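Start from chain A and add chain B according to the hints.
Line by line, the protein sequences give chains A and B.
Following the working numbering, the numbering of the first sequence begins with 1 at its first residue and continues without gaps.
Following the working numbering, the numbering of the second sequence begins with 1001 at its first residue and continues without gaps.
Just so you know, not all the hints are guaranteed correct.
Stated by the list, open to error - Partial list, derived from the structure: chain A residues whose beta carbon lies under 7 Å from chain B:
#1 G20
#2 L61
#3 A62
As the list claims (entries may be wrong) - So, partial list: chain B residues that the calculated Cβ filter (under 8 Å) puts toward chain A:
#4 D1004
#5 I1033
#6 G1039
#7 L1058
#8 G1059
Stated by the list, open to error - Over the 10 Å line for every Cβ pair with chain A, so calculated as not near, a few chain B residues:
#9 Q1003
#10 N1029
#11 K1031
#12 I1032
#13 T1038
#14 T1041
#15 K1043
#16 R1046
#17 T1049
#18 H1054
Read the hints as simulated data drawn from the structure, not as lab findings.
In this text the structure is predicted, and so the values were computed from the model without any measurement.
Just so it is clear, CB atoms sit at the ideal spot from N, CA and C, and this is done for glycine as well.
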Amino acid sequence: MPENENEIVSETNSQIYELGYLLAPSIKEEDLPVNYGNIKELVTSFGAEVIADEMPKMIGLAYAMQKVTSNVRNKFNTAYFGWIKFAMGPDKILELKKRLDLDPNFIRFLILKTVKENTIAAKRFVRGETYRRPRSKSPANETAVPINKEEIDKEIDALIAV
Amino acid sequence: MKQDYFSANNIKYIDYKDVEILKKFINPNGKIISHKRTGVTAKNQRQLTSAIKHARFLGLLPFVVK
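With the rest of the complex left out, here is chain A (with noise of 0.2 Å):
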């Protein structure tokens, strides 16, 4: 019983998380999936509530990164990068961090406190299409009304008339 109401506590208590994390470049395409599983597998298994996230892309990123694993310093151009956004106690979040300090899969991560509701999508759609669209209609307006052949003649008649 007393297991049970700590669990109550922790689920009032949680607080939504973000893991950004950047996997190194050395791991092949189909491990990918096996990793990304584990990394959710893991979270999980602090007893975090997943509520999104996204497989780990291939990025170019935008300065080289080293980092020290097994006394080899590895500089990194490029790497996979993923995250996932999950709800957690507070108290389970230190431990998490110091599971994912031990990776050597990882060469950074960040940790963040957000909010439940999605923040990427539907953003971008907002300026880019609505200052287009009247720039590209104008146009097809101007070449759709010349097509009457027959106006055009009677225009040039009446004008070779004067």
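Chain B only, in chain A's frame:
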């Protein structure tokens, strides 16, 4: 940019992963543009600054462009 970009587009939480938006607020050298030039409210400028710094840490944005 006179009006606050984020309230105009109804963005309540500035995400570090949204690099396309964050790029609008860094100059060609990669420095963060000051609130005087961006016209972003003080609250959003603070959020924006930390979002850019988080993105830099994870290699999504550069610290400097030479």
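Right, here's what the structure says about each hint:
1. Interface restraint check: G20 (chain A) against chain B, minimum CB-CB distance 6 Å, threshold 7 Å, status holds.
2. For L61 (chain A), the suggested interface contact is upheld, since its CB lies about 4 Å from the closest CB of chain B, less than 7 Å.
3. Interface restraint check for A62 (chain A): the shortest CB-CB distance to chain B comes to about 4 Å, inside 7 Å, so the restraint holds.
4. With 8 Å as the threshold, the beta carbon of D1004 (chain B) stays out of range of chain A, its nearest partner Cβ sitting at about 14 Å, so the hint is violated.
5. Given the 8 Å rule on beta carbons, the hint for I1033 (chain B) is violated: about 17 Å separates it from the nearest Cβ of chain A.
6. At a threshold of 8 Å, the smallest CB-CB gap from G1039 (chain B) to chain A is about 15 Å, leaving the interface hint violated.
7. A cut of 8 Å between beta carbons decides the hint on L1058 (chain B): the least distance to chain A is about 6 Å, and the hint holds.
8. Annotation: interface hint on G1059 (chain B) holds; nearest CB of chain A at approximately 4 Å, less than 8 Å.
9. At roughly 12 Å from the closest C-beta of chain A, the C-beta of Q1003 (chain B) stays outside 10 Å, upholding its exclusion from the interface.
10. Separation of N1029 (chain B) from chain A is adequate, the least Cβ-Cβ distance of about 13 Å exceeding the 10 Å criterion.
11. The beta carbon of K1031 (chain B) sits about 14 Å from the closest Cβ of chain A, which is more than 10 Å, so the claim that it is off the interface holds.
12. Once the 10 Å rule is applied to beta carbons, I1032 (chain B) is consistent with being away from chain A; the minimum gap is 14 Å.
13. Against the 10 Å criterion, T1038 (chain B) stays outside the reach of chain A, whose nearest CB is about 15 Å from its own CB.
14. The beta carbon of T1041 (chain B) sits about 17 Å from the closest Cβ of chain A, which is more than 10 Å, so the claim that it is off the interface holds.
15. Look at K1043 (chain B): its CB is around 15 Å from the nearest CB on chain A, clear of 10 Å, so calling it non-interface holds up.
16. Even its closest Cβ contact with chain A, about 15 Å, leaves R1046 (chain B) beyond 10 Å, as expected for a residue assigned away from the interface.
17. No Cβ of chain A approaches the Cβ of T1049 (chain B) within 10 Å, the least distance being about 14 Å, so the stated non-interface status holds.
18. Listed as a non-interface residue, H1054 (chain B) fails to keep its Cβ farther than 10 Å from every Cβ of chain A; the least gap is roughly 6 Å.
When each numbered hint is compared with the structure, violations occur for hints 4, 5, 6 and 18.
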